[in-house]
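Enquirer: Between the sequences and the hints, there should be enough to build the whole structure, so can you do that?
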Amino acid sequence: MKNYQTIILSNQEIAPGYWRMRILAPGFAAVAHPGQFVMLRPEQPLPTMLRRPFGIFRTGCLPPECSGLPPREYMELLYKVVGQGTRIMSELHAGDRVELLGPLGRGFAVGDNACAKLLVGGGIGLVPLFMLAEALIAAGHRVRLLMGGRTRDDILAVTEFERLGVETYVSTDDGSLGEEGLVTNVLERKLDEAPCAEVFACGPMPMLAAVERICSARNVPLQVSLEAHMACGVGACLGCVVKGAGHSDQRPNYLCTCKEGPVFAAGQLDWGRAAASGEGCAEGGCRQ
Amino acid sequence: MNAKRPNLSVDVAGIRLRNPVMPASGTFGYGEEYAPFVDLNRLGAIVTKGLSLNPKAGNPMPRIAETTSGMLNAIGLQNVGIDAFVAKKCPYYREVATPVFANFFGNTLEEYGEVARRLCDVPEVTALELNISCPNVKQGGIVFGTDPKAAAEVVSLVRKANAKPLIVKLSPNVTDITVIARAVEEAGADAISCINTLTGMAVDIRSRRPKIANRTGGLSGPAIRPVAVRMVHQVVQAVKVPVIGIGGIMTAADALEFLIVGARAVQVGTANFIDPAAMLAIIDGIEAFLAEEGLDDINQLIGSLQV
Ligand SMILES: Cc1cc2nc3c(=O)[nH]c(=O)nc-3n(C[C@H](O)[C@H](O)[C@H](O)COP(=O)(O)OP(=O)(O)OC[C@H]3O[C@@H](n4cnc5c(N)ncnc54)[C@H](O)[C@@H]3O)c2cc1C
Ligand SMILES: Cc1cc2nc3c(=O)[nH]c(=O)nc-3n(C[C@H](O)[C@H](O)[C@H](O)COP(=O)(O)O)c2cc1C
Ligand code: FES
Numbered sequence: 001m002k003n004y005q006t007i008i009l010s011n012q013e014i015a016p017g018y019w020r021m022r023i024l025a026p027g028f029a030a031v032a033h034p035g036q037f038v039m040l041r042p043e044q045p046l047p048t049m050l051r052r053p054f055g056i057f058r059t060g061c062l063p064p065e066c067s068g069l070p071p072r073e074y075m076e077l078l079y080k081v082v083g084q085g086t087r088i089m090s091e092l093h094a095g096d097r098v099e100l101l102g103p104l105g106r107g108f109a110v111g112d113n114a115c116a117k118l119l120v121g122g123g124i125g126l127v128p129l130f131m132l133a134e135a136l137i138a139a140g141h142r143v144r145l146l147m148g149g150r151t152r153d154d155i156l157a158v159t160e161f162e163r164l165g166v167e168t169y170v171s172t173d174d175g176s177l178g179e180e181g182l183v184t185n186v187l188e189r190k191l192d193e194a195p196c197a198e199v200f201a202c203g204p205m206p207m208l209a210a211v212e213r214i215c216s217a218r219n220v221p222l223q224v225s226l227e228a229h230m231a232c233g234v235g236a237c238l239g240c241v242v243k244g245a246g247h248s249d250q251r252p253n254y255l256c257t258c259k260e261g262p263v264f265a266a267g268q269l270d271w272g273r274a275a276a277s278g279e280g281c282a283e284g285g286c287r288q
Numbered sequence: 001m002n003a004k005r006p007n008l009s010v011d012v013a014g015i016r017l018r019n020p021v022m023p024a025s026g027t028f029g030y031g032e033e034y035a036p037f038v039d040l041n042r043l044g045a046i047v048t049k050g051l052s053l054n055p056k057a058g059n060p061m062p063r064i065a066e067t068t069s070g071m072l073n074a075i076g077l078q079n080v081g082i083d084a085f086v087a088k089k090c091p092y093y094r095e096v097a098t099p100v101f102a103n104f105f106g107n108t109l110e111e112y113g114e115v116a117r118r119l120c121d122v123p124e125v126t127a128l129e130l131n132i133s134c135p136n137v138k139q140g141g142i143v144f145g146t147d148p149k150a151a152a153e154v155v156s157l158v159r160k161a162n163a164k165p166l167i168v169k170l171s172p173n174v175t176d177i178t179v180i181a182r183a184v185e186e187a188g189a190d191a192i193s194c195i196n197t198l199t200g201m202a203v204d205i206r207s208r209r210p211k212i213a214n215r216t217g218g219l220s221g222p223a224i225r226p227v228a229v230r231m232v233h234q235v236v237q238a239v240k241v242p243v244i245g246i247g248g249i250m251t252a253a254d255a256l257e258f259l260i261v262g263a264r265a266v267q268v269g270t271a272n273f274i275d276p277a278a279m280l281a282i283i284d285g286i287e288a289f290l291a292e293e294g295l296d297d298i299n300q301l302i303g304s305l306q307v
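Residue numbers (this note's numbering), protein chains in the order written: chain A, 1 to 288; chain B, 1 to 307.
Careful, some of the hints might be misleading.
[Stated by the list, open to error] Below, in silico cross-link-like pairs of lysine to aspartate or glutamate (EDC-like), each with a Cα-Cα straight-line distance of 20 Å or less: (1) Lys2/A to Glu13/A; (2) Lys240/B to Glu185/B; (3) Lys259/A to Asp296/B; (4) Lys56/B to Asp249/A; (5) Lys80/A to Glu167/A; (6) Lys56/B to Glu160/A; (7) Lys4/B to Glu287/B; (8) Lys88/B to Glu260/A; (9) Lys240/B to Asp11/B; (10) Lys80/A to Glu66/B; (11) Lys2/A to Glu260/A; (12) Lys190/A to Glu167/A; (13) Lys80/A to Glu65/A; (14) Lys149/B to Asp121/B; (15) Lys259/A to Glu32/B; (16) Lys4/B to Glu186/B; (17) Lys2/A to Asp39/B; (18) Lys211/B to Glu66/B; (19) Lys149/B to Asp176/B; (20) Lys160/B to Asp121/B; (21) Lys56/B to Asp270/A; (22) Lys160/B to Glu186/B; (23) Lys2/A to Glu114/B; (24) Lys56/B to Asp11/B; (25) Lys2/A to Glu32/B; (26) Lys88/B to Glu66/B; (27) Lys138/B to Glu114/B; (28) Lys4/B to Glu185/B; (29) Lys259/A to Asp270/A.
[Stated by the list, open to error] Between beta-carbon pairs, the in silico distance windows are: (30) Arg189/A to Gly141/B: 54 to 62 Å; (31) Tyr92/B to Arg189/A: 47 to 55 Å; (32) Cys196/A to Arg117/B: 54 to 62 Å.
I should point out that these hints are in silico values taken from the structure, not numbers from a laboratory. We treat Cβ as the ideally placed atom computed from N, Cα and C, and that holds for glycine.
Expert: What follows is the structure, given as structure tokens:
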């Protein structure tokens with residue numbers, strides 16, 4: 001982990017309200033694990049703005065150009081404009097300076113069992129699943145992505161997953177793309193088909209809670225990636241905690257989302273309470 | 001060109017610091033969390049997260065909210081507890097050649113005294129920073145730091161329990177901070193640090209809920225700096241012991257304001273979140289400023305306010 005003082009290579013709107021930012025980040029790919037995140041801050045115009053946490057969508061490398069420049073390593077974010085910070089980000093251009101702290105946190109644990117890998121993404125929650133899919137495909141697994149959103153505009157980057165060799169299943173609440181309905185319906189069907197499966201999920205808290213109920217009822221191992229408001233991103237401020245399994249007022253068990261997460265095994269968390277209070281997530285999809 | 005570098009070292013509570021810049025409690029963890037970004041050996045001191053007798057779980061979520069030029073926090077003083085601190089966190093400080101200030105608090109007089117006692121034989125801890133911005137649960141929750149008698153009482157108790165240099169950290173949520181400052185000086189404080197956060201509140205207008213679960217929280221960051229500079233100025237006038245200035249310091253220029261009004265050292269809090277290397281830039285900036293002003297010792301600048 002490192003504080004990169006670097007530049008934006010490109011910043012484009014890929015669907016209404018959703019942006020993809022490519023940032024120059026030499027040496028980043030070699031240390032970034034699927035499910036980790038970064039804390040980003042534009043150098044201008046607000047020197048006092050807290051950094052914003054973002055998942056790492058993917059890393060890559062621009063080939064040497066004709067001029068013979070060395071290859072340029074980058075990392076990419078996909079983000080949804082939801083407030084002041086993300087709006088300012090959407091107004092940045094190639095060449096603008098940003099500071100990037102990362103990679104941070106604990107990502108997905110990729111075991112070596114042969115079970116079917118089901119990736120469940122809700123809206124912008126698909127971000128951390130791309131590098132996970134890359135790692136699973138590289139390890140020879142069959143990977144399925146179940147991607148849900150409210151409308152077709154919330155379904156992002158599916159073709160990129162397909163290019164990796166991932167089987168994708170899209171569902172939208174309004175049926176404007178793929179199957180009409182909830183992504184959890186698709187998950188139940190896929191679990192019915194697979195004799196043995198492992199689930200990885202990221203999305204709004206109500207979706208994660210539903211995925212957890214489905215998986216625990218079937219004893220299917222589940223890892224989830226959570227969100228929390230963060231100030232430091234490195235475990236120093238304790239602003240980002242989430243209730244862990246067995247938490248009670250008498251015997252509190254708070255876990256640090258930035259350091260012990262953002263990816264947790266479902267069994268580490270207190271689902272009853274976390275779901276009831278909508279904690280760990282204020283993601284676009286569930287905050288309205 | 002004069003190649004000699006200006007002297008940045010200052011004395012606080014009988015401790016020689018290599019420079020006047022240190023983190024503010026609760027914004028730098030136990031120090032180790034920031035070691036990947038900050039050479040801890042360049043700091044004037046390390047100030048720990050607030051410690052209590054027993055481990056403390058802290059407040060429900062959400063605990064933080066950004067506000068204009070600042071942030072609110074209601075972490076609820078979550079910490080590992082004094083014994084775990086000594087056993088698990090202190091050994092790390094042996095590798096660092098920077099004085100460590102242990103910030104601590106209690107919910108009763110007895111708790112304050114007991115934590116101070118348990119820090120007596122901990123060689124890794126150079127000095128104590130006593131946070132008196134906490135409610136006394138045995139006395140209807142009155143905050144120690146808002147009542148001169150209660151403040152003096154807890155300071156003299158800690159003074160007797162532990163002979164290490166004692167810094168007392170003041171709350172700004174009082175009518176007249178100089179009254180408290182004089183009370184804790186008289187009770188035996190070797191230095192005073194101020195200010196802690198200002199109590200504030202923010203509301204999400206869509207959900208109509210407070211932005212942090214605790215309803216109110218402590219405001220920090222640049223929004224509070226003018227208030228902090230004013231209070232440090234007043235406290236410097238009121239007491240003889242050294243004062244450590246805290247509140248909204250983001251840059252060297254901000255730190256210099258506090259030094260000029262008379263702070264012997266400064267603490268940097270919220271800025272660490274925004275830029276983990278903020279303190280290093282502040283140290284370098286102070287040094288550059290002294291050189292520009294033709295000063296060869298920072299002590300020539302401290303308290304040099306022209307009125
Ligand atoms: C580990 C992690 C990974 C994330 N990955 C992505 C991603 O890949 N793409 C994406 O679009 N978003 C992601 N988010 C959410 C993203 O951080 C927020 O949408 C963003 O901080 C909102 O900032 P804002 O200033 O636009 O919104 P505002 O509502 O104006 O922000 C106000 C404050 O609340 C915080 N905040 C608001 N919403 C969230 C949230 N959902 N999570 C955490 N903090 C929040 C902000 O950081 C800021 O401090 C992630 C969050 C976490 C914790
Ligand atoms: C997240 C957070 C946690 C804090 N925890 C403590 C603490 O445990 N003990 C304490 O004395 N002050 C604590 N403070 C107050 C700071 O030490 C400092 O007094 C205050 O933030 C003002 O400085 P700043 O504006 O530079 O942040 C905390 C502040 C923040 C933002
Ligand atoms: S964001 Fe500061 S501890 Fe997690």
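Enquirer: For each hint, tell me whether it holds in the structure or not.
Expert: How the hints compare with the structure:
no.	hint	result
1	Lys2/A to Glu13/A	28 Å, violated
2	Lys240/B to Glu185/B	8 Å, holds
3	Lys259/A to Asp296/B	43 Å, violated
4	Lys56/B to Asp249/A	11 Å, holds
5	Lys80/A to Glu167/A	25 Å, violated
6	Lys56/B to Glu160/A	46 Å, violated
7	Lys4/B to Glu287/B	11 Å, holds
8	Lys88/B to Glu260/A	18 Å, holds
9	Lys240/B to Asp11/B	14 Å, holds
10	Lys80/A to Glu66/B	19 Å, holds
11	Lys2/A to Glu260/A	18 Å, holds
12	Lys190/A to Glu167/A	12 Å, holds
13	Lys80/A to Glu65/A	31 Å, violated
14	Lys149/B to Asp121/B	29 Å, violated
15	Lys259/A to Glu32/B	13 Å, holds
16	Lys4/B to Glu186/B	40 Å, violated
17	Lys2/A to Asp39/B	13 Å, holds
18	Lys211/B to Glu66/B	9 Å, holds
19	Lys149/B to Asp176/B	14 Å, holds
20	Lys160/B to Asp121/B	14 Å, holds
21	Lys56/B to Asp270/A	19 Å, holds
22	Lys160/B to Glu186/B	14 Å, holds
23	Lys2/A to Glu114/B	39 Å, violated
24	Lys56/B to Asp11/B	33 Å, violated
25	Lys2/A to Glu32/B	15 Å, holds
26	Lys88/B to Glu66/B	32 Å, violated
27	Lys138/B to Glu114/B	16 Å, holds
28	Lys4/B to Glu185/B	37 Å, violated
29	Lys259/A to Asp270/A	17 Å, holds
30	Arg189/A to Gly141/B: 54 to 62 Å	55 Å, holds
31	Tyr92/B to Arg189/A: 47 to 55 Å	51 Å, holds
32	Cys196/A to Arg117/B: 54 to 62 Å	57 Å, holds
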